[in-house]
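> One letter stands for each residue in the lines below.
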Amino acid sequence: MTPRASLREAGFRRAGVDHASLLGGGVTLAATAGILAILIVILAVIVVNGAPSLSWRFITTSTARDMFDPDKAGVFPMLVGTSARVILMTLFVVPVGVITAIYLSEYARAASPLTRIIRGAVNNLAGVPSIVFGLFGLGFFIGFIGGTLDELAQGPAAEPRWGKPGILWASLTLAVMTLPVVIVATEESLRAIAPGLREASLALGATKFETVTRVVLPQALPGILTGGILAVSRAAGEVAPILFTGAAYYMATLPGSLTDQFMDLGYHVFVLSTQSPNIDQTKPILFATVLVLLLLTFSLNFVAILIRARIRRSQRAAH
Amino acid sequence: MGDSSSPAEARWRQLNTRRRRPLEWLAERVIFAVSLSAIVMVFLIFLFVAKESLPVFTGGVDSALVQPVRPVEDFDRLSRAELQAYLGLSDAEFARKDDETLRLLMEVKAEAQDEIPAEFREDKDARLNTAQWRYLLLPYQWTGYDAPAFIWQPISLIHKYNIVPLFIGSLKATLVALVFAVPLSVAAAIYVSQLAHPRLKEWLKPAIEMLAGIPSVVAGFFALIVMATVLEAPISAVAGWLGLPSSRLNALVAGLALGFAIIPVVFSIAEDALTSVPRSYVQGALALGASKWKAAWQIVLPAALPGVFAAVILGFGRAIGETMIVLMASGNASIVSWNIFDSTRTITATIAAELAEAVFGGHHYRMLFMLGTLLFIVTFASNFLADLVIHRLKARLEGRA
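Each protein sequence line maps, in turn, to chains A and Y.
The numbers in my numbering rise by one with no breaks, and the one at position 42 of the first sequence is 42.
The numbers in my numbering rise by one with no breaks, and the one at position 262 of the second sequence is 262.
Simulated from the structure, these hints should not be mistaken for lab results.
Wrong hints could be hidden among the right ones.
Cross-link-like lysine to any residue pairs, in silico, SDA-like; alpha carbons within 25 Å at most [to be verified]:
1) Y/109 with Y/85
2) A/208 with Y/30
3) A/164 with Y/365
4) Y/109 with Y/59
5) Y/109 with Y/77
6) Y/201 with A/222
7) A/164 with Y/48
8) Y/97 with Y/118
9) Y/109 with Y/81
10) A/164 with Y/59
11) Y/394 with A/208
12) Y/292 with A/26
13) A/72 with A/61
14) A/208 with Y/357
15) Y/394 with A/123
16) Y/394 with A/201
17) A/208 with A/283
18) A/283 with A/60
19) A/208 with Y/10
20) A/208 with Y/28
21) Y/394 with Y/299
Given the structure is predicted, the values throughout are model-derived calculations rather than measurements.
One chain only, chain Y, in its complex shape:
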């Protein structure tokens, strides 16, 4: 049109251009930046837990009892790098210490080596770096043992760091929890989502989810003080009948209490998956004369099965990462045994019980962070898998894929 000075047109343009508001623009940028916090946090968690355990993975940890000693007179003959490696200090710690302190540390180290009792000094295992992967994963015949064994015994003079007993302990308690909680939760989810009267459902769902409001330390307390006492006689009777040893605190008691903790998780996810199956599936089945139960069992459950599977995976992730319940109720003996009546020690309980005693930055400390890293990876993978399954299922049920 050319005539850009027409008042009507200027008004039109004004209405069409966005009003520039720098403050709002800034605020919206801030909102965006803050929304990335969850990503940043997941990243930082992995970074900082893995960082402390990195030397274990790269072979930079030496946990041998007897180590070559350099006398303090060698102080000037050692290069700075040699000195740092000899004293086992991190860069930051090393930079922070003056020569006087470093000399003192050398003296302390030499004295500590002097104080090792002679019989241990002569031990064939005294010069082994027990933090190597072959000692972490494979059985080894330690001095005093009749056969190669998986031993986690970090607080002995010769540090034994085999993680197999801890993995078996974690898996054992988790499996007990799943076997107990999954059928119960899935059955309840079927009832609540498909069979219960809508009014009853509105009341049942939050009631079951109340179970999630019980803190894990309270579930652990309940298992330790109440359940272990009540179950002691029946468990020893059953174990005796089967010819198995048993103890008061064991994988069964801990696993049952773990089950309490994962019931609300499994129930919630499974119920959600069952509810997301379109009503038309059920209506079609009912119209063909199926009973409500048949529609639920033969139509809805198969359609929602991936969601139920995801619920089980999330339950697994929650159970294997649960700490206070197993710390209090499992008995904490790190033995290799698949007997559920035996006392058992899990990965999480080991970290919780031992980190306070571990020397900051020492091999025990790094080993516990390594366990934390493995735990993070396991739960990350199970979460990721469950997420993927649920996402696919919803897309399919809503006809998007």
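Chain A on its own, in the form it takes in the complex:
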């Protein structure tokens, strides 16, 4: 018996004539194509329906009072609110996330129980439902911290200033939610840096801290940037955590201080889709608002993916 024949007897066939393989390959290819089709259909429907109503006037007008009227409505206050809350969030989440990633990648011993607990906590934080973050923001930031601040500042009976929903509390809630995003992205980029670079720095007499701050961190900047962008992109579209912590159905003015409530793009999509008195009349601006939100989150995501792909390439080159 030839070797090939004995292989065939053992159940192996030559690739190409094997129907099971053709079928398997075909089904998995179809599944991949199906997922891409879902993505493309969603985007296409939104772009085709939203683009005609999207105009410079729509983006820069702030007649929020006529939010359901296609000729007058504009999303300017929502754009300002969403931008303000994500920028504020970045200020909190990026330093904390980057420092945690530095500890995990540069200082922590991989096998120590504490490191495993930190990693477990990061993973768990990433899996907490967004509505639970909303409850947490209400109970902790507004009820506990805000309530305490009010009591310290003005005594018990006065009108609450901090102990009510506001843009600061919404941003902090989102910062807690996006912490894992920043940690994971930063750590990935720290790992991509060639170990030789650190060793060279230490061999030249630099301390560990000097190595981290002057050699490792500058190299990791693109990764930190990616983490920040991904966090912003994730947070920009989130609605559930800000339902009770700061988003407003309607505001006559733009938020002027940290304790003001704000109008928000994502929440506005929810309002337009569910509260409109005449959904057919509202549809054009609804699609346009969704398109603005998608442009915001997708362009950010796209930039992050590009930077990340570049990091992965350099990682492969380094190892």
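Please arrange chain Y on chain A, whose structure you already have, making use of the hints.
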């Protein structure tokens, strides 16, 4: 050697002792402290969500419609503790209020009791504390019902807090999402990790993960405005054929949209698990004459199966915690039914829709936080399990265990 003053030796010692830099030492302590923030946050989340719901668990909530009334004249006869319990105030709130306000609250409470319509006052359920666990979990025959039923109806005069319909609603939408998303994602993961050309893979992976960039409110909008309209006719036709009732917004529409949200999660984790199977497994199979598909299906997939299982668990956790999609697309009727064409109400949607109307610190408010606590526990457990499975799998594949 004894001669410690030798310059060479002093220099040697200097090189060997670490230079003391108090600022750096401090900075490194700070780095360590900050790195604990994730642990602190998970702990605080549980603490503060559970804290608000604690009275539900300890039986400290009374949601009966008709309650014994103490007239304002009794103010001085009541002890402070009795007064606080009577008015249902927390310690902090109680401490914050002066006697004048407390008297006023007593008056308000007495007036509210006076205003209860007579037919409700006579209702057999009016004096029930509906926040007890037996009413939360077991069916009960409320006045006006023909049989015992599971009812979630917090905004009626007699507050009905049975959480069973909400759990069934959440599970129903989640199961639809898993049935739709898991086969699709796992098949795509097999294709991308095992069969696709490396160049194509580099392009496919981020493209599929782009799906994660669609905010859930946009997926909810898409389900509500586009999918529900397109699917309305086919769904009612299929439901009619099966002899089942159907509505425009239902568990199927919400579940499909939920599926969109969990596809990138399941795909990513499964793809990662499949990729972490050592190349030598595949090379061995190919060398024995197996086709690429056979190697993927019979060698790589079984080896990575725990990772695929973890992907499904994480998908489950994500789907059951998703809020905006189900809030917008599920129809939000809290009924007990396993029919996927029926309108359905999930735990998350209930919290999102009702918290704004709930009185701060009242029984409805505490009940919603209790739902949040249960949700946190469920997702925490599923995350923990998935984490454990992935960790074990990687250790095994890398030959560490």
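> Please go over all the hints and tell whether each is borne out by the structure.
Against the structure, the hints come out as follows:
With a C-alpha separation of about 13 Å, the suggested pairing of residue 109 of chain Y with residue 85 of chain Y holds against the 25 Å cut-off. The suggested pairing of residue 208 of chain A with residue 30 of chain Y holds, with an alpha-carbon distance near 15 Å, which does not exceed 25 Å. Straight-line distance between C-alpha atoms of residue 164 of chain A and residue 365 of chain Y comes to about 16 Å, which keeps the hinted pair within the 25 Å bound. Proximity of residue 109 of chain Y to residue 59 of chain Y is assessed by CA-CA distance (about 21 Å); at most 25 Å being required, the pair is judged to hold.
Using a Cα cut-off of 25 Å, the hinted pair residue 109 of chain Y and residue 77 of chain Y holds, with the two alpha carbons roughly 17 Å apart. Our distance criterion of 25 Å between C-alpha atoms is met by residue 201 of chain Y and residue 222 of chain A, whose separation comes to about 23 Å. Our distance criterion of 25 Å between C-alpha atoms is met by residue 164 of chain A and residue 48 of chain Y, whose separation comes to about 16 Å. Restraint check: the Cα-Cα separation between residue 97 of chain Y and residue 118 of chain Y comes to about 32 Å, which exceeds 25 Å; the hinted pair is violated.
For the suggested pair residue 109 of chain Y and residue 81 of chain Y, the alpha carbons sit about 17 Å apart, so the restraint of at most 25 Å is met. Under the criterion of a C-alpha separation no larger than 25 Å, the hint pairing residue 164 of chain A with residue 59 of chain Y is inconsistent with the structure, at around 28 Å. Proximity of residue 394 of chain Y to residue 208 of chain A is assessed by CA-CA distance (about 30 Å); at most 25 Å being required, the pair is judged violated. A hinted pair counts as satisfied when its Cα atoms are at most 25 Å apart, and residue 292 of chain Y with residue 26 of chain A qualifies at roughly 13 Å.
Proximity of residue 72 of chain A to residue 61 of chain A is assessed by CA-CA distance (about 8 Å); at most 25 Å being required, the pair is judged to hold. Straight-line distance between C-alpha atoms of residue 208 of chain A and residue 357 of chain Y comes to about 54 Å, which puts the hinted pair past the 25 Å bound. Among the hinted pairs, residue 394 of chain Y with residue 123 of chain A is consistent with the structure: their alpha-carbon atoms are about 16 Å apart, no more than 25 Å. A threshold of 25 Å between alpha carbons decides the hint, and for residue 394 of chain Y with residue 201 of chain A the separation of about 32 Å lies outside it, so the pair is violated.
Straight-line distance between C-alpha atoms of residue 208 of chain A and residue 283 of chain A comes to about 58 Å, which puts the hinted pair past the 25 Å bound. A C-alpha spacing of about 19 Å is found between residue 283 of chain A and residue 60 of chain A, which places the hinted pair at or below 25 Å, so the restraint holds. Only pairs whose Cα atoms come within 25 Å are accepted, and residue 208 of chain A paired with residue 10 of chain Y is accepted, the gap being roughly 23 Å. At roughly 10 Å between alpha-carbon atoms, residue 208 of chain A and residue 28 of chain Y fall within 25 Å of each other, so this suggested pair holds.
Note on residue 394 of chain Y and residue 299 of chain Y: the hinted pairing holds, with a Cα-Cα distance of about 16 Å set against a maximum of 25 Å.
Hint check: violations occur at hints 8, 10, 11, 14, 16 and 17; the rest are consistent with the structure.
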